[in-house]
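Line order of the protein sequences matches chains A and B. Oh and the first sequence: position 88 is 88 in our numbering, straight run, nothing missing. If you count the second sequence from 1, you need to add 162 to reach our numbering.
The set of hints was computed from the structure by calculation and includes no laboratory data. Be aware that one or more of the hints could be misleading.
Examples of chain B residues lying across from chain A (beta carbon under 7 Å, computed) [stated by the list, open to error]:
no., residue
1, L189
2, Y203
3, H218
4, K245
5, L372
6, S373
7, A393
8, G473
9, T474
10, A484
11, R511
12, R513
13, S521
14, P524
One side of the interface only, derived from the structure: several residues of chain B facing chain A at Cβ under 10 Å [stated by the list, open to error]:
no., residue
15, E370
16, V386
17, F404
18, T461
No experiment lies behind these values; they were computed from the predicted model shown. Virtual Cβ for every residue (Gly too), placed ideally from N, Cα, C.
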Amino acid sequence: MRQNKLGRLIENFGEYIVSVKEEKGETVVVVRPERQKEILSFLRKDEELSYDMLIDLCGVDYFGENPRFEVVYLIRSMRDGDRVRIKVRVEEELETVSDLWSAANWLERETYDMFGIKFKNHPDLRRILLPEDFNGHPLRKDFPVEGFDFDRPFEVKLEEES
Amino acid sequence: METTFMTINMGPQHPATHGVLRLLLELDGETIVRAVPHIGYLHRGIEKLGETRTYHQALVFTDRLDYTNGLSNNLAYCLAVEKLAEIEVPKRAQYIRVILCELQRIAAHLLWLGTHALDIGAMTVLFYAFREREKVLDIVEYITGARLTPSFMRIGGVARDIDGEFAKKVKEFVKDFPKRVDEYETLLTENIIWKKRTVGIGAISKDEALSYGVTGPVLRACGVYYDVRKAHPYSSYEEFDFVVPLGKNGDVYDRYLVRINELRQSNRIIEQAIDGVPEGPFKAKAPEVTLPDKDDVQTDIASLIRQFKIGTGGFRPKKGEAYASVEAPKGELGFYIVSDGTERPFRFRIRPPSFLNLSALPRMIEGQLVADVIATIGSIDIVLGEIDR
Numbered sequence: 001m002r003q004n005k006l007g008r009l010i011e012n013f014g015e016y017i018v019s020v021k022e023e024k025g026e027t028v029v030v031v032r033p034e035r036q037k038e039i040l041s042f043l044r045k046d047e048e049l050s051y052d053m054l055i056d057l058c059g060v061d062y063f064g065e066n067p068r069f070e071v072v073y074l075i076r077s078m079r080d081g082d083r084v085r086i087k088v089r090v091e092e093e094l095e096t097v098s099d100l101w102s103a104a105n106w107l108e109r110e111t112y113d114m115f116g117i118k119f120k121n122h123p124d125l126r127r128i129l130l131p132e133d134f135n136g137h138p139l140r141k142d143f144p145v146e147g148f149d150f151d152r153p154f155e156v157k158l159e160e161e162s
Numbered sequence: 163m164e165t166t167f168m169t170i171n172m173g174p175q176h177p178a179t180h181g182v183l184r185l186l187l188e189l190d191g192e193t194i195v196r197a198v199p200h201i202g203y204l205h206r207g208i209e210k211l212g213e214t215r216t217y218h219q220a221l222v223f224t225d226r227l228d229y230t231n232g233l234s235n236n237l238a239y240c241l242a243v244e245k246l247a248e249i250e251v252p253k254r255a256q257y258i259r260v261i262l263c264e265l266q267r268i269a270a271h272l273l274w275l276g277t278h279a280l281d282i283g284a285m286t287v288l289f290y291a292f293r294e295r296e297k298v299l300d301i302v303e304y305i306t307g308a309r310l311t312p313s314f315m316r317i318g319g320v321a322r323d324i325d326g327e328f329a330k331k332v333k334e335f336v337k338d339f340p341k342r343v344d345e346y347e348t349l350l351t352e353n354i355i356w357k358k359r360t361v362g363i364g365a366i367s368k369d370e371a372l373s374y375g376v377t378g379p380v381l382r383a384c385g386v387y388y389d390v391r392k393a394h395p396y397s398s399y400e401e402f403d404f405v406v407p408l409g410k411n412g413d414v415y416d417r418y419l420v421r422i423n424e425l426r427q428s429n430r431i432i433e434q435a436i437d438g439v440p441e442g443p444f445k446a447k448a449p450e451v452t453l454p455d456k457d458d459v460q461t462d463i464a465s466l467i468r469q470f471k472i473g474t475g476g477f478r479p480k481k482g483e484a485y486a487s488v489e490a491p492k493g494e495l496g497f498y499i500v501s502d503g504t505e506r507p508f509r510f511r512i513r514p515p516s517f518l519n520l521s522a523l524p525r526m527i528e529g530q531l532v533a534d535v536i537a538t539i540g541s542i543d544i545v546l547g548e549i550d551r
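Could you build all of it, start to finish, from the sequences and the hints given here?
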């Protein structure tokens, strides 16, 4: 069943798929960023595949490599319970999938907040967990754990002064 | 005629938002036109901190995610690391894990039941629910030594073995509990005021719930059969006989019914597990990963050295990645861990169920009344410690 499903994907997007492998009982597909949106859209909308649930979306920072970031999608088909992990290597910019799965809206905001990966055409790309005036993206490997300003005193600004 | 909407802030300091959730509501009279949740007030950077600790040390962070549910969080993390390091957990440890996780689910659902009813105005239920929750926490405290942050699971097994006294306490509780659930039900299930406040409120359709990535009782209340314990069984759940309660309308009342039935099912699972705990070790045979027994550490020099070595240096799983999830009381809680071959996780990703459940909240409350917002927030059962991480 699963082989057939992935066969359909390879049939349609063969040259844009870097690798398909089984790792610890999980299927991992690495795709190229140019057609990432079409591939995910195909996985979501195709009658036979219908991966209708985005379980997770997150970033990984491979600092020093090129392209630097990896965005990981974990999708699941409700019909046969099949889970597939799709991975894309990117350099700070990627097409949004929030129109395919509403869950991607907040998950992409979080990825933007933590890694600074910009999602094109996202309806509301703001920081989600950190304050809007925060400096930097903390899950990047070059961000120190204690932050950039841990040894500086807080700036106290009273409302009357501003 | 010109219409102006009124914008009000609900929270972050509001008892019915169950933590520090801030909702920006735009109102047309009493009807909600737009709702924007603001989160992050409890952000502690657990995903970042996890990358700076060894695999054993990072376990304690997981207790602090959904703080009503420490044991399931521990389990989800341990499962992911065990998958990564390819460790086989012995049956006895798996059964102990199941018993503890289901006890924790009962405690978490009782906390939800009490506070949810209190939010809507039924105060009595709180005292009933907390009476049993106290008993569960006593059992958890007896075996783990803590009520809120147990940190009891270990990579490869559990921290210590269970004894006859524990089994006795659990059996006593399990025998008594179904009658107690009946009591809660007499207070609420057919209560006309309760039904008026909950039936048809905060509903979301099946397709939308799936698209929003909603999981757990909120998704099952829409009638979707998705429970990680059945769909991707872990820790021997396939050996237990239980049903997954489903709702129909996806409203606040159905979520209540689903959770009440889950209390009974959890009780059934514990009943089967406590009678069937197999003999054997409670820790995996993987000396380079698991910590030695406390008794050995105090009497045997080799164990002492191993304790020191693993405790300070950790262990090194092979390069790779693993995702493992459990059915936490709130929904699917997953850990995605990437290893680069060192003793610390390269990426420590937490898939929080409440985060995605909350992202569907605006969809549920738009067009409804202000008073129903409280009922809806209560019904999706969020914990901000997990949303903000």
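Quick rundown of the hints versus the structure:
1. L189: Violated, because the Cβ-Cβ distance from L189/B to chain A comes to roughly 21 Å (cut-off 7 Å).
2. Y203: With a minimum Cβ separation of about 9 Å from chain A (threshold 7 Å), the hint on Y203/B is violated.
3. H218: Because about 19 Å separates H218/B from the closest Cβ in chain A, which is outside the 7 Å limit, the hint is violated.
4. K245: At about 5 Å, which falls below the 7 Å cut-off, the nearest Cβ of chain A leaves the hint on K245/B intact, so it holds.
5. L372: 5 Å, holds
6. S373: Hint holds; S373/B Cβ to chain A Cβ min 4 Å, cut 7 Å.
7. A393: 5 Å, holds
8. G473: With a closest approach of 21 Å, the G473/B hint is violated.
9. T474: Where the cut-off is 7 Å and the nearest Cβ of chain A is about 19 Å from T474/B, the hint is violated.
10. A484: Holds: closest Cβ of chain A sits about 5 Å from A484/B, inside 7 Å.
11. R511: 5 Å, holds
12. R513: OK, holds: R513/B within 7 Å of chain A, min 4 Å.
13. S521: With a closest approach of 4 Å, the S521/B hint holds.
14. P524: Since chain A brings no Cβ nearer than about 10 Å to P524/B, farther than 7 Å, the hint is violated.
15. E370: Holds: closest Cβ of chain A sits about 7 Å from E370/B, inside 10 Å.
16. V386: 7 Å, holds
17. F404: 18 Å, violated
18. T461: 37 Å, violated
Against the hints set out earlier in the document, violations occur for numbers 1, 2, 3, 8, 9, 14, 17 and 18.
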